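Kindly produce the complete structure, drawing on both the sequences and the hints.
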Amino acid sequence: MQNLKRLLFLLCLLAPAWAFTQVSVSGTVVDLENNPIQGASVRLKNANLGTTTDADGKFSMTLAGKGGTLEVSFIGFKSQTITASSDMANLVIKMQEDVGHLEEVVITGLASSIKRGNLAHAVGVVSAKQLAGTTSQPTVDAALYGKFTGANIISNSGAPGGGISIKLRGITSLVGNSQPLFIVDGVYYDNSSIQGGLNFVSKAAGQGSTNFQDNPSNRVADLDPEDIERIEILKGASTAAIYGARAAAGVVIITTKKGKTGKPKIELGQWVGWQMQLNKLGQRTWDTAKVRAAYGASGITVYNANGGQIYDYEDELYGNKGFLSNTRVSVSGGNENTSYYAGMSYRDDEGIVKNTGYRKTSFRLNLDQKITKFLDLSLNSNYVESSADRGFFNNDNTSTTLGVSFVSTPSWVNLYPDANGNYPNNPLAPSNFIQTRDLITNNEQVNRILLGGRATLKLVNTNIHDLRLVALGGLDNYTLNTNAIFPAILQFQKDGNGTNGALIYGTTVARNSNISALVVYDFKPADNISFTTQAGINTFKVDINTAVNTATQLIGTQTNIDQAGALQAEQTKNISRDKGFFVQEEFNFQDKLIATLGLRGDKSSRNGDADKLYYYPKASLAINILPFTSLKTFSQLKLRGAYGESGNFAPFGAIYTSLVPLNFGGTTGSIVDLTRGAENLEPEQQKELELGFDAGILNERVGLAFTWYKKDVEDLILKVITSGSSGFSNAWRNVAEIQNKGVEIALTAVPVANKDWRWNMQANWWKNKAKVTRLDVPAFNVGAFGATLGTYRIELGKSPTQLVGIGDSAIDKVDPVSKLAVFGNAEPDFNLSFYNNVTWRNFELSVLMHWKKGGDNINLTTLLSDIFATSYDYDDKSLDPKGEMTNGEYRLSILGATARPWIQDASYFRVREIGLNYTLPGAWFRDVARVKIGFSGRNLINVFDYPSYDPEVSNFGIDAISSNVEVTPFPSAKSFYFNLSVTF
Amino acid sequence: MKYQNKIYRIISLLLLLITLGWSSCTVDPIADPNNPSTSSISQNASLGELQNLVTGIEGGMRNNLNNYYDAISVIGREYYRFSTSDPRLTSDLLGKANATLDNNTFYTTNPFNARYRVVKNANILITALQNTRATITEDQRRAAIAYAKTVMAHELLMVFNQQYENGIRVDVADPDRLGPFLSKDESLNAIQALLNEASADLKGNTADLPFTTTLYNKKASEFAKFNRALAARVAVYRRDWNLANIALTESFFDLNGSLTDGAYYVFSTAGGDLLNPVFFPQNSPPAEARVVQPTFITNAEAGDTRLSKAPKRTSTASQDGLTSDYDFFVYPTNVTRMPIIRNEELILLYAEVQAQLNNSSNAVSAINRIRNAASLGNYTGATDVNSLITEILKQRRYSLFGEGHRWVDMRRYNRLNELPIDRPGDDVWVQFPRPATES
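Chains A and B, in that order, are what the protein sequence lines are. In this note's numbering, each residue carries its 1-based index in the first sequence increased by 1349. In this note's numbering, each residue carries its 1-based index in the second sequence increased by 4.
Each hint can be trusted.
Straight-line Cα separation of at most 25 Å, DSS-like style, residue types lysine-lysine; simulated pairs: (1) A/LYS1394 / B/LYS10; (2) A/LYS2281 / A/LYS2104; (3) A/LYS1873 / A/LYS1941; (4) A/LYS1612 / A/LYS1719; (5) A/LYS2118 / A/LYS2036; (6) A/LYS1607 / A/LYS1464; (7) A/LYS1807 / B/LYS10; (8) B/LYS10 / A/LYS1873; (9) A/LYS1427 / A/LYS1873; (10) A/LYS1722 / B/LYS10; (11) A/LYS1609 / A/LYS1719.
If you're looking for bench data, these hints aren't it; they were derived computationally from the structure. No experiment lies behind these values; they were computed from the predicted model shown.
Listed below in structure tokens is the structure:
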């Protein structure tokens, strides 16, 4: 107590001395056009003292002692330093735009970041503006394609609510996870794709392919794109190594918006729009002769009974003008100690098929609080509720999905209900798709809570030393209800067809959490030399529990699973625990030489030996060579190289040798599974080397980033056929290796920038080539539906995405041993995307164009349409080399002889996004509000030869191999939006 | 400098904390959350889990029986298996033109794998029985292990029937160190030895098996009779007539008893259960049908009631150059049980053993027991061994029609060349190739 009093007394004595030696500084921060910049940071260099500018760009602060160097910074502008050694008032600080984004901060460790200009790897960054600034985006993943290099993103179908497959830099796994890891504000964000159990009705898995084809959405769809501040994409192990055992398919780091110091900013936004079928195919025209040829006498009866009337079923099924609306409110603000961001949005999208649609409500609250001088807290919370009615599409073996039923019904069959609302049976197919569309339910409903927190404790903070302790963690909990109702009245459920109705009620409860603790130590022994050391530990817990109940023999129109004659239940759990540590050392020498060394070690219960540590090292080096040269035109010249390793687990359950249930005379027994688990299974290991250079000229008005990478995925896991005398038919093994090599070029430019005009452009070009470099088992076919119709084939020395099939040796190049011919490759030859943003006074135009060259699909919509003689081009004569047969006849005539007709070029050019906005003159609203109106669209222009709804399609969803297969999907849509936003 | 020391102290402290924190970071393995694992059940199985393994064994014994019976009945020229979806059933199996048996397709690999899968389950059951702390008596444990060995021997015998001269693996307990392929004789000897080991623990053992079984009887001393019946069959295959003779007396063989007494595969329509895998309704369309090889009808003696197993079709069935007017209709419903071994076979085994031991009168009385049951008069032919064997093989053909014997019987008496050839160029195979996955 005595001591404390003395101390206080001493402080009082010293106070006047402070007052005497202090420097007060005030001023305004403006851009080159003298517009004030709000929220710019003004900080005393090497000290924990700073402020931010107000709405008028003004700031003032008092510096103790003899003043110091002030650093003024704001996102998008180059930072400036001002030496303040005496009082300064009314300073005007003109900020120069950071055209090349060299000062933008990019996350490189788990708690450290680096200036973009110093990065040692090619960066994939998508800003809020690029992500959702052009047009309204239903899901985050759908909004990514074309916005950075190195990705192959496929929208699995046009069904509302998403379903996107993202592959970064080629194939990284054959049977394991192929989708990147999503991290949102430090929280591991579950992106599961959970099958709703529709297979019970469609029986899609069984003949030809054992994989489910329920067309589920994936859970990253739950994020609201409008809440996102920026996205960084770590495309391979060289950058993602610090995320270790789960990072082989890449990592997508999402940062959500935060409040900025200043008065509250309120943004209101309203979008309304419509969506419609992207590519109408048209229908075959019919006459009596064609009907007889295709459907015989029974067809003629139907045709005549109906007076030869033709119905436009394509318009009926896919012609709905889906109304789209999105309402958004966000409020953000803060003071020196607290900042907040609250975002709310409500989206209601109607699909292009009646009774389909997507509704999502999202609430987010992000809070940042400085508790004391040395303790910062931040908290992110997000609640999402969504509901997607996805229709009933894709492959089946029962002719019941809307898609299959549609192509198997000629347009002269009347499927419309009578005056009493009774639907006729489809006389030519097992289901009436109008009845199915009107009466079934296939709904996915999600309630999701995401909580993330971060505490930063500053232990030491001086000019030379900065030591922080960071603890961060998060919870990701959701409940997914899948509810499929097939009433007993449906043609394929009643009268002994089917099971007299089916209810498929699934519940998935996911509880995932992660916690990390780390120490970050910045050491600056001299000016412009710095060491950043970080070390920490990390745990990650996954607990996903799915139960699916299938009820059949329904009572009346009841939709409770107990109102049924038979009930079947199935449950799958996915539980795992990971623990890991990481250390990383970054060294920066005068911004000329930036080196990083890191190591991550991970243990996981997903590995056969749960307690074994697997190590994932990384190293990178960037050399800014510009200072060593006398080149005047260049503003940046940097060589960079990075190497890293990361892992991927075997599919869940592969380490277990299980006993599976077996029914016998009404009791249940246990028998060894056909597949032998492998307790000693090693995780898949990826090793990536990336080299490149970044160059900028004319003060970064033009920038070029060139990157070459080589990515070897070793110890790839496969289920291989094993000696049957062991008691098992298959076993999991590490048997293969794939090499991906690719080139990525990103060109950015600001061709015009003056008072009225500004044009930003970004062109991305990328390509990837993959090759199987090790295969311990004989070459085998995988994916799709077998060699007759085209399949993938894993073969040593060949691309893992090659598409092969049986061939006609007279025309096709048939391999004499395998009897198969190569007809294509799912991998594109290259991708080219071109983003432009032009502003003229208050107008702003953004256009994103994307050209995917090459890459083939296995299109079985064509096959099914041909079999039922409904193909729109059935009667054209463009395929038969002899010019005799029509296209439909020709394709069918070679069915079974060659798979050639079904493997088709899926190149496309499309204007993915276009948006035109006009900001109304501020004076109209007395400068209180900023009001913007606009018009925008997605996929408005599409150019492709691919003879179906959309070359971007995947019947098998996110499967590692076997995307690029089409079987009567939910067709894609194009959409228009009008929007109005008001900012206070 | 002092200040620096402080920093270094803090850093070392933090590093120490992290190291300590890390060292306590063990990750415990997580047991399979979706299924029982083989390792946990092997360590300490409850009575319920033992029962589950047994149910798994008996249910699993029925897997792929269709491919097994079709393969050997078609080669044994008992019936044709017509299938438009798989022409190999009429080409490969009958050796049409240049067609041969494939070492990597369903008729070779599927039955092979299915039988070894049951063997695996039986091996797991044995380990589970050795380690279980459930309340079972030592006698029960012995009896239960003997049960597992008996089942294993039966499954191995089925593999052997297809593999014959290729031999089989008998020691398959460790999937990483599979035992060698034994020669044909060694294979049969090993199966016999397995049955005899089991028999030693069953005979005179008054305990009940610690689980219920659908195979013959739950009482160990009774189950021994099933074991001995199989032993008699194996002994006959090995031409060990004395052992066969003793085994028959210890089995459920009863010259005057019911011909259908025995052990069976059972089927039901209960959810998820299997139906009789070789059942087709009468007059099934030829696209998917089993129809009788015509000589079965033409070679029959007049009045043989066993022809009821081959009723006439309402229309002729043809495919791939093969024709028949008769359905294979041994099992009248889709849940009719299928014999594993039954008294009718034992009586015929007894006849064969007695003939081979030159007790022709015993042999003839057994033959007559069978003939009379089929409404045929007594045997009047010669009573030398060769004639008797010919008659016994004929009775076996009709009594055990479609039960997986004809091909095996003709093979062990080197009479495969007597089997009828339907199309010029067809072949009668001696055995199936060893599955490609075994090399």
